[in-house]
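J.: Here is how the chains run, residue by residue.
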Amino acid sequence: MTVPVGPPPDWFAAHFPQLAQVIQIGAGGQKLVYSAVEATRGSVVLKLLRPPVDKEEARREILAVQTVASAHVPVIYQYGVAPSEWGDVFWIIEQLIPGETLRQIVAAGALPPTDILRLARDISEPLLAAETCNIVHRDVKPDNIMRSQDGTFWLLAFGLARHLGLSSLTATALPFGKLTPGYAPPEQFRNHKKQIDARSDLFALGVTLYEAATGVNPFRAGARDPLEMLKRVEKEPLPRLTLELTPAKEFEDLVAAMTQRRREHRPRTAREVVEWIADICRRQGI
Amino acid sequence: MDLLLQFGHGMMEHCRTLLASWSGGTAILSPRDLTPEQLTRLADELRRRCAASVLLDPQFFLPHSDHERLTSHDYWPTNYATGTFWSGSELDAMLHALDDLNLTLHTTAVILPGLLASTIDDDWLNLQAQVAARARAMLPGRQLLATVALRADALRITSQVEELLEASEEWPVDGIYLIAEHPNAGYIVEDPNWLANKLDIVAHFRLAGQRVVVGYCTHQMLLLAAAGAREFAAGTWMNVRSFPPDKFSAALEEEIRQRATWYFCPQSLSEYKVPFLDIAWRQNLLDRMRPDRRLGSSYADTLFDGAQPSTVDFAEQSAFRHYLHSLRSLAGEARRSSFADTLAAHLQMIDEAEHVCERLSLGGVTGQLRDFGRAIDANRAALAVLERTRGPVLQRRWAEL
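Just so you know, the protein sequences line up as chains Z and V, in that order. Numbering-wise (the working numbering), the first sequence opens with residue 1 and increments by one. Numbering-wise (the working numbering), the second sequence opens with residue 1 and increments by one.
Hints in this document: simulated from the structure, not taken from any laboratory. Don't be surprised by glycine CBs; every beta carbon is placed ideally from N, CA and C. A few of these clues could be false.
Sample of chain V residues facing chain Z (criterion: CB under 10 Å; computed from the structure) [to be verified]: (1) Pro392; (2) Arg396; (3) Ala399.
Taking the hints into account, I'd like the entire structure generated from these sequences.
T.: Structure below.
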């Protein structure tokens, strides 16, 4: 894979004089990601969004993160636009979370039970915060979750977040909404906008928990293409977990409830899930 | 789960007797079967003498009805035009009149008018929303129940039920009054999807914290306890245990065409005509059909005194009271301390019923169209769907329901 080449060092020096030790740590699509050190805040992440970039979408992402303001979502410190050889680059400086993505962790195998419960507890918290301010993340998946060195899980990437009170940026007529196949629930990939709410994120978190607990996402494993993944989500219920994490199989019940194909069969709110997880964690001494 | 009495033809004395013997309860009054004066008098009597409460079903399922008694009530519009009624002053006038009547009857909640849905579509859903919104604005402080009246096919088709559940989240009501036509105008329902969707609707509204009154039920609907139902209603004749929409449009007085007397056997969950009780007597099976004492019904005792059943005095009145009293007792036991226990108890009850039905059938004793053996697989299938789709959440939130 070719990693896109970023701007030269003097460009960073000119536009971000407060940053030192700027090192590229990732790239994807129009996005370049750097770690850096800032005198006052220490280690930070610098994200550059190269043109053509949808500035409204980028602003919505920033607004979502700032509105949600969760202890499990990295803080955005600054953002703006800087000229470059590609045109105007949209940039964001945010809190650096040193650690691994859940995708990297799961690649090495399923998580131990206590980590799965921590994952459920830590990621349901920002989903509750989002629900409270009418925001849906719409892209909860292992790639967008980090585990920091102290074992805390963080929810990243609000790029697909939808503010339910703002006009949609996705064309209503599109057959499919913005999504990651195999994690998005039917109402999201069918682009039924009125039906997308916190319960859509609960579905994706449920699938993520299942994958963390088993190492496999049955909607994606061996699927020929995204369309097959979508069909599986729509037609094949997720197999029931058999981990028996808790005496009353409550965790398996929770995942089964969160991953129901129809949203009205899922828990009604993120708050309900947060309380459910808290009860399980309490019984497990976590 | 509480049994409410679904008022129908000839039920005044049954209501008085049963509710008095139960020291209370609730009757859902039927304007189709009672004049305005009878409504007021009966409601007053039940309240004062039986410590009972009443609800009023406005029965506005088919607004073009020319049923003489039904249309004689003050709340019924004199002229109904589909295009203008629901958005104009006529709806307001009807709601006002209904509110007045409900206040006179001292009802515990106002059941709102609702059309019978042949198909759950945008038109029907919009009318439901409109009625709910107007009623909420006009009757602040009153407990409002939206009528959800469904043709058999509307309840059978899952995508339509999904539409209902989605749209109803916006209705500003406190609950629903759910009534549904049985498939093929049958008594015992053999369609598992119809049952599964009914369970789904009940569970949905209960989990939303709403009151659900399920009308026109047979004992088969004891399974609704697993969906968190607290109130279901049944009556005497078949047409108040299943919902036959046509009886609300007929101009003529009710004709009860088949006046057979049926004995309800609680352990087989089946009903038997008296001639088949004679067969049970001859085959030495009658004792297996005796109701358990714990159910508290003595209305059918005479059948088990040793004589040939068709020679003893067991007529409609005793049959109806035995049915309703036994059903009330079974309903009282249907709900357990958790979803899992409730489900297990119901499955055990139908397992036992299946066993008894088989044993009786071997002796030639059958409930024919009221034999519960016909329903057992459908009940099991519907409950399996409920357990898979709603079980975890019902288990978690059972104590709140």
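J.: Against each hint, give a clear statement of whether it holds in the structure.
T.: Each hint tested on the structure:
no. : hint   : verdict
1   : Pro392 : holds, 4 Å
2   : Arg396 : holds, 6 Å
3   : Ala399 : violated, 13 Å
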